[in-house]
Amino acid sequence: NAGVTQTPKFRILKIGQSMTLQCTQDMNHNYMYWYRQDPGMGLKLIYYSVGAGITDKGEVPNGYNVSRSTTEDFPLRLELAAPSQTSVYFCASDSTGFYNSPLHFGNGTRLTVT
Amino acid sequence: AQSVSQHNHHVILSEAASLELGCNYSYGGTVNLFWYVQYPGQHLQLLLKYFSGDPLVKGIKGFEAEFIKSKFSFNLRKPSVQWSDTAEYFCAVKSGGADGLTFGKGTHLIIQP
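So the sequence lines, in the order shown, correspond to chains A and B.
The numbering used here puts the first residue of the first sequence at 1, with every later residue one more than the last.
The numbering used here puts the first residue of the second sequence at 1001, with every later residue one more than the last.
Calculated directly from the structure, the hints in this document are not laboratory data.
Using N, Cα and C, we set each Cβ at its ideal position, and we do this for glycine too.
Don't take every hint at face value.
What the hints assert, rightly or not - Restricting the straight-line Cα-Cα distance to at most 30 Å, the calculated cross-link-like pairs of lysine-lysine (BS3-like) are:
(1) B:K1049 / B:K1105
(2) A:K44 / B:K1105
(3) B:K1061 / A:K57
(4) A:K14 / A:K57
(5) B:K1069 / B:K1049
(6) B:K1058 / B:K1069
(7) B:K1061 / A:K44
(8) A:K57 / A:K9
(9) B:K1049 / B:K1071
(10) B:K1069 / B:K1105
(11) A:K44 / A:K57
(12) B:K1061 / B:K1049
(13) A:K9 / B:K1071
(14) A:K14 / A:K44
(15) B:K1061 / A:K9
(16) B:K1071 / B:K1061
(17) A:K57 / B:K1105
(18) B:K1061 / B:K1105
(19) A:K57 / B:K1058
(20) B:K1049 / A:K44
(21) B:K1058 / A:K44
(22) B:K1071 / A:K14
(23) A:K44 / B:K1071
(24) A:K44 / A:K9
(25) B:K1058 / B:K1071
(26) B:K1058 / B:K1105
(27) B:K1071 / B:K1105
(28) B:K1049 / A:K9
Said to hold, decoys possible - Listed next, the stretches of chain B that the computed footprint assigns to chain A, with coverage defined by at least 3 CB atoms under 8 Å from CB atoms of chain A:
(29) 1055 to 1061
(30) 1069 to 1078
To be verified - Computed beta-carbon distance windows for the label pairs:
(31) A:R110 / B:S1084: 19 to 25 Å
(32) A:D56 / B:L1013: 36 to 42 Å
(33) B:Y1027 / A:S67: 26 to 32 Å
(34) B:I1068 / A:T5: 36 to 42 Å
(35) A:I54 / B:E1020: 39 to 45 Å
(36) B:E1066 / A:T20: 40 to 46 Å
(37) A:I54 / B:P1113: 46 to 52 Å
(38) A:N62 / B:E1066: 36 to 42 Å
(39) B:S1014 / A:S69: 26 to 32 Å
(40) B:Y1027 / A:V50: 17 to 23 Å
From just these sequences and the hints, can you work out the full model?
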């Protein structure tokens, strides 16, 4: 049972480069999320999805894009990397989105933009 | 919109000391409250959650939390901490909308042997 799997674990980008952070889950969860974690700031929601074909912006969406073509996959795209996007990125999934349903997190991707 | 406030950003304790981490939230409607733990270099793991019933909830590894509605609080406690409890702890609230959890800024707990 893999749960939520993120790749890569680490990445260094130069300013202006692009990349896609991959996230896949094998729990058949409809709800998926991307958070970024910065020291002393907790986790901030970037984008979320309530099912295949449906995505919406979170608190800090600027500079990112997402797609959800299947239930399993929820990739996060950075088109023009900037130093402000240096962070740890976590993908999460949720079975129902209901009040008492916890989120399940992946192991994170540590991204450095120089 | 809901928000979560964690009072202590850094806490240092000796082994066997008692722990209490504060968490307050602001939201007028029905909420569900969570504590997550992140061990060094790892992902977030659920410690415990509250959504109804007994306001004192017990989680894994000897942790518990008490929901006090009148104070909008959900403090995390452990009677006797261990070195392995060194981690970052996040309080989070979920209002039932589709946008997941709102997190506090986290408390970095260091347990000295």
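Hints versus structure:
1. B:K1049 / B:K1105: At roughly 18 Å apart (the allowed maximum being 30 Å), K1105 (chain B) and K1049 (chain B) satisfy the hint.
2. A:K44 / B:K1105: 9 Å, holds
3. B:K1061 / A:K57: Judged against 30 Å, a Cα distance of about 35 Å means the pair is violated.
4. A:K14 / A:K57: 25 Å, holds
5. B:K1069 / B:K1049: Since the Cα atoms of K1069 (chain B) and K1049 (chain B) sit roughly 15 Å apart, the hinted pair holds (cutoff 30 Å).
6. B:K1058 / B:K1069: Given that 30 Å is the threshold and the Cα spacing comes to 17 Å, the pair holds.
7. B:K1061 / A:K44: 27 Å, holds
8. A:K57 / A:K9: 24 Å, holds
9. B:K1049 / B:K1071: Given pair K1049 (chain B), K1071 (chain B) holds - Cα atoms ~17 Å apart, limit 30 Å.
10. B:K1069 / B:K1105: 21 Å, holds
11. A:K44 / A:K57: 11 Å, holds
12. B:K1061 / B:K1049: Holds, at roughly 14 Å.
13. A:K9 / B:K1071: 40 Å, violated
14. A:K14 / A:K44: Holds, at about 23 Å.
15. B:K1061 / A:K9: Answer holds: K1061 (chain B) to K9 (chain A) is near 27 Å, not above 30 Å.
16. B:K1071 / B:K1061: Within the cut-off at roughly 26 Å; holds.
17. A:K57 / B:K1105: Given pair K57 (chain A), K1105 (chain B) holds - Cα atoms ~21 Å apart, limit 30 Å.
18. B:K1061 / B:K1105: 22 Å, holds
19. A:K57 / B:K1058: Distance of about 34 Å is beyond 30 Å: violated.
20. B:K1049 / A:K44: This hinted pair holds, its Cα atoms lying about 20 Å apart.
21. B:K1058 / A:K44: Given that 30 Å is the threshold and the Cα spacing comes to 27 Å, the pair holds.
22. B:K1071 / A:K14: 47 Å, violated
23. A:K44 / B:K1071: 25 Å, holds
24. A:K44 / A:K9: Status holds; Cα separation ~19 Å.
25. B:K1058 / B:K1071: Given pair K1058 (chain B), K1071 (chain B) holds - Cα atoms ~20 Å apart, limit 30 Å.
26. B:K1058 / B:K1105: The hint holds at about 22 Å.
27. B:K1071 / B:K1105: Between K1071 (chain B) and K1105 (chain B) the Cα gap is close to 19 Å, so the pair holds against 30 Å.
28. B:K1049 / A:K9: 28 Å, holds
29. 1055 to 1061: violated (count 0)
30. 1069 to 1078: Answer violated; 0 residues pass the 8 Å Cβ test.
31. A:R110 / B:S1084: 19 to 25 Å: 23 Å, holds
32. A:D56 / B:L1013: 36 to 42 Å: 41 Å, holds
33. B:Y1027 / A:S67: 26 to 32 Å: 31 Å, holds
34. B:I1068 / A:T5: 36 to 42 Å: Taking Cβ atoms as reference, I1068 (chain B) and T5 (chain A) lie about 38 Å apart, which means the hint holds.
35. A:I54 / B:E1020: 39 to 45 Å: Given about 41 Å between the Cβ atoms, the range holds.
36. B:E1066 / A:T20: 40 to 46 Å: 43 Å, holds
37. A:I54 / B:P1113: 46 to 52 Å: Roughly 49 Å apart at Cβ, these two residues keep to the hinted range, so it holds.
38. A:N62 / B:E1066: 36 to 42 Å: 38 Å, holds
39. B:S1014 / A:S69: 26 to 32 Å: At 52 Å between Cβs, range violated.
40. B:Y1027 / A:V50: 17 to 23 Å: Distance hint for Y1027 (chain B), V50 (chain A) holds at roughly 20 Å.
Of the numbered hints stated above, those contradicted by the structure are hints 3, 13, 19, 22, 29, 30 and 39, listed in ascending order.
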